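K.L.:
Here's the letter readout for the chains.
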Amino acid sequence: MNRGTGGGAVAAGFSLLFFSFLFGPLIIMVITAFNSSSFPRITPWECFTTEWFAVLFANDRLMSGLLNSLVIAVSVVAIAVPIGLAGALALSELSSRLRAVLYTVLITPILIPGVVLGISTIVFWGALGRSVGAEYGSFFFDGMFLTLAGQVTFISAYAMLVFLARLQRFDPILTEAALDLGATPGQAFRKILLPFLGPAIGSATFLTFLASFENYNTTVFTILSGNTFTTALASKVRHGTDPSLSALAVIIIGITLIGAIVHEAHTRRKEVLRTGIATRSRIYGNPVLKTLVHPLTVFLILAGIAGLATWQGTRHDASVCKQQILDDKRARQHELLEEQRRKMQEQQKTTAPVTSPADAAGKANPSPFGGAFSPNGLTPAQEEQAPAAAPTETPAKANPSPFGGAFNPNGLKPSQ
Amino acid sequence: MPGAVPSGIRLPVFTVPFSRISESVMATKDIVLDHVSIRFGAYTAVDNAHLVIKGGEFFSFLGPSGCGKTTLLRCISGFSDPSEGRVLIGGQDMKGIGPNKRPTALIFQNLALFPLMSVADNIAFPLEVRGVGRRDRRKRADELLEMIALPGVGDKKVHELSGGQRQRVAIARALAVEPDILLLDEPLSALDLKLRHHMRTELRTIQQQVGLTFIYITHDQGEALTMSDRVAVMNAGVIEQVDPPETIYNRPKTSFVASFVGQSNAIEGKVASQSGTLVSIETPLGRLQGRAAGGRQYKSGDNCFLFIRPEQLSLGDGLPNAVAANWVKEEFEGNARQMFLEANGVPLRLSRVNLGGAADTLSGASVPVGFEPDQAIVLPHGVLAGA
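For the protein sequence lines, the chains are C and G, in the order given. Under my numbering, the first residue of the first sequence is numbered 1, with each subsequent residue one higher. Under my numbering, the first residue of the second sequence is numbered 1, with each subsequent residue one higher.
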């Protein structure tokens, strides 16, 4: 589509819609992190605040979950990457029929739902633990161990797929050449195959780390009574959300952006160096600019900006503004109360007194809800109307409630 | 040998600063293929190869692709074991000895240079795995780069080199630890024609100077004939003939060798009579006479082929073995003209050296040709190359 075919406006509009769809939620979430309103929202805007970051870091459950997640993720990487590499190497060496069998076995954990994996992990290790007579405190019943075991089963298959893809591009002749030149099989592996797999090891590490860190559906079972970051987060969301989660999103987005920009700088630099146009390039030919666009410099600059923003954030004090907002709110509430009271009085003047049960209470109660929540609102105004055949002798006699007066405000008072 | 290179392009020349030239000539080791057969399931890749390659020899295996020559080479270098028979190097049975323990170095068809290493690291790899220190390795690599006339490229990456340069780096790498036997698997096939011709000379020179045994695999008969001391012609896993290049060309022992090496007109027929080495055969072109190869005796009525090379077929009347042929087409090849003829359904090819004169225009004409009986070879009926 181009301007000539009249696609310009449509294409631009579509792109705009598409990008708002992609980034709109993220942008809104970032803004809510800085609004002092205790529910994540951008309207009405109250105060610019950084207190939600403090709230976030003060959340013990989340922070200990984060630590657990990191420990598990690092352990999963340390176990799953070697297993994946071994699996991929085995697959590339086997005869084609055996390969199909082994491939199916290794890939199955990815296809099984994580929930099933999680449950079967606790069932299996629990049964194993009981059969060897292990105590409840042993590792068979330890959430961290079970999570590790459960995650490794399928995450090592991810690592294997990464290695398989890379191995498919490896020319086995190179290993033969190394052997022929006098290398032992071990040397050929270390000096030829392993360097070739370097990038794959990097991406497998990254992938397995992320897969472990963000896993929920297996972990929620295997962690038992403990918490990882994701399970803590999920339970927090379930119990009501506040902008500290937005603050978390800001941190994650920030880390991702820094990583992506540094990676881009690295890729571009490598490309320029590889094609050898470095000397002719305007940026890479200039020594100052060249240093400036070096990935390390880019990282330091971005980290510096982030650090500065954090430092500024810790110094920011929104208490004055918040007090102002609070005072405004109180004043508004007061105003409403006054208005309500005024209305009530007018109403009382104009209408004859009725035998509404709320009436008597309503007069004394300036509630904007018309006394609906008054503790006496549900009691019948006239004692005589109460049915004589009350089920019990207790004060509930006066109460026709099907709950036996359990919700009677006076029900908890000690009976005289 | 700069004289072999066409003037105008300056190609580097090998100088071989080998520490042990004289020693290596003494230390040469014979390679014995003792009734070697290699099978993959029911398929026989090499069938009963039995020959001795002398130490210091430039020995070629020549054959069409799929004839088993690479399989045989991999067997010598230790990547596979023979299904039957033995491989002996210097009198020692190589069974169970891995490629890294054999005194052989293989130059692969695609060279198998390590793409992630620099040129110098590639060349020094055999030293590295033998625990030679970094500084000594670099020194040896620079020496070898000097030898292959590529000084100063040590720090480049392999992909920055041209095809011919990579070729030389692969040779330098194979020679870095001075093996007894250098195995080459069609190493010139990726080069352009001029470089290929140059490298033939270079390989031959280096082999003579270093005194190594070279075992060379190729489907290019030009390479095999120009470089080798002896050539083994292989077809379908069978070694058909082992002889010096001239013998291979002039006195082929089987119809396959006769048709595969060089151009040949193959005329099918039945033996009519034989007197001494002269055999008369009945062919679609009439009764023709040729020489019985290797003093072979034929019975009357045996199926056979008569082979006559295009350059030994002459134009003109009154020649022996006269054949009346029809002109089909002519191809100009620079140094020669190839004339394609046809006689009674049998295609014939006649080659004449180009002396610079105008081409004869013989279109559609009947062309009388003939040849000396002594230059035609009669061989038993068998497989023809490319048939």
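I should point out that these hints are in silico values taken from the structure, not numbers from a laboratory. Any given hint might turn out to be false.
Restricting the straight-line Cα-Cα distance to at most 25 Å, the calculated cross-link-like pairs of lysine-lysine (PhoX-like) are [as the list claims (entries may be wrong)]:
1. Lys270(C) to Lys156(G)
2. Lys349(C) to Lys322(C)
3. Lys329(G) to Lys191(C)
A few chain C residues that don't get close to chain G, going by computed Cβ distances all over 12 Å [to be verified]:
4. Thr175
5. Leu181
6. Arg238
Keep in mind that this is a model prediction, so the values were computed, not measured. Built from N, CA and C at the ideal position, the CB exists for glycine as well.
K.L.:
Measuring Cβ to Cβ, find out whether Thr175(C) lies farther than 12 Å from everything in chain G.
P.N.:
9 Å, violated
K.L.:
Does the claim that Leu181(C) lies off the interface hold, with its Cβ farther than 12 Å from every Cβ of chain G?
P.N.:
4 Å, violated
K.L.:
Does Lys156(G) lie within 25 Å of Lys270(C) when you go C-alpha to C-alpha?
P.N.:
16 Å, holds
K.L.:
Assess, step by step, whether the Cα of Lys349(C) is no farther than 25 Å from the Cα of Lys322(C), and give holds or violated.
P.N.:
This hinted pair is violated, its Cα atoms lying about 40 Å apart.
K.L.:
Quick one, are Lys329(G) and Lys191(C) close enough, alpha carbons at most 25 Å?
P.N.:
58 Å, violated
K.L.:
Please confirm whether Arg238(C) is truly not at the interface, meaning its C-beta sits more than 12 Å away from all C-beta atoms of chain G.
P.N.:
51 Å, holds
Of the numbered hints given earlier, the model fails hints 2, 3, 4, 5; all others are met.
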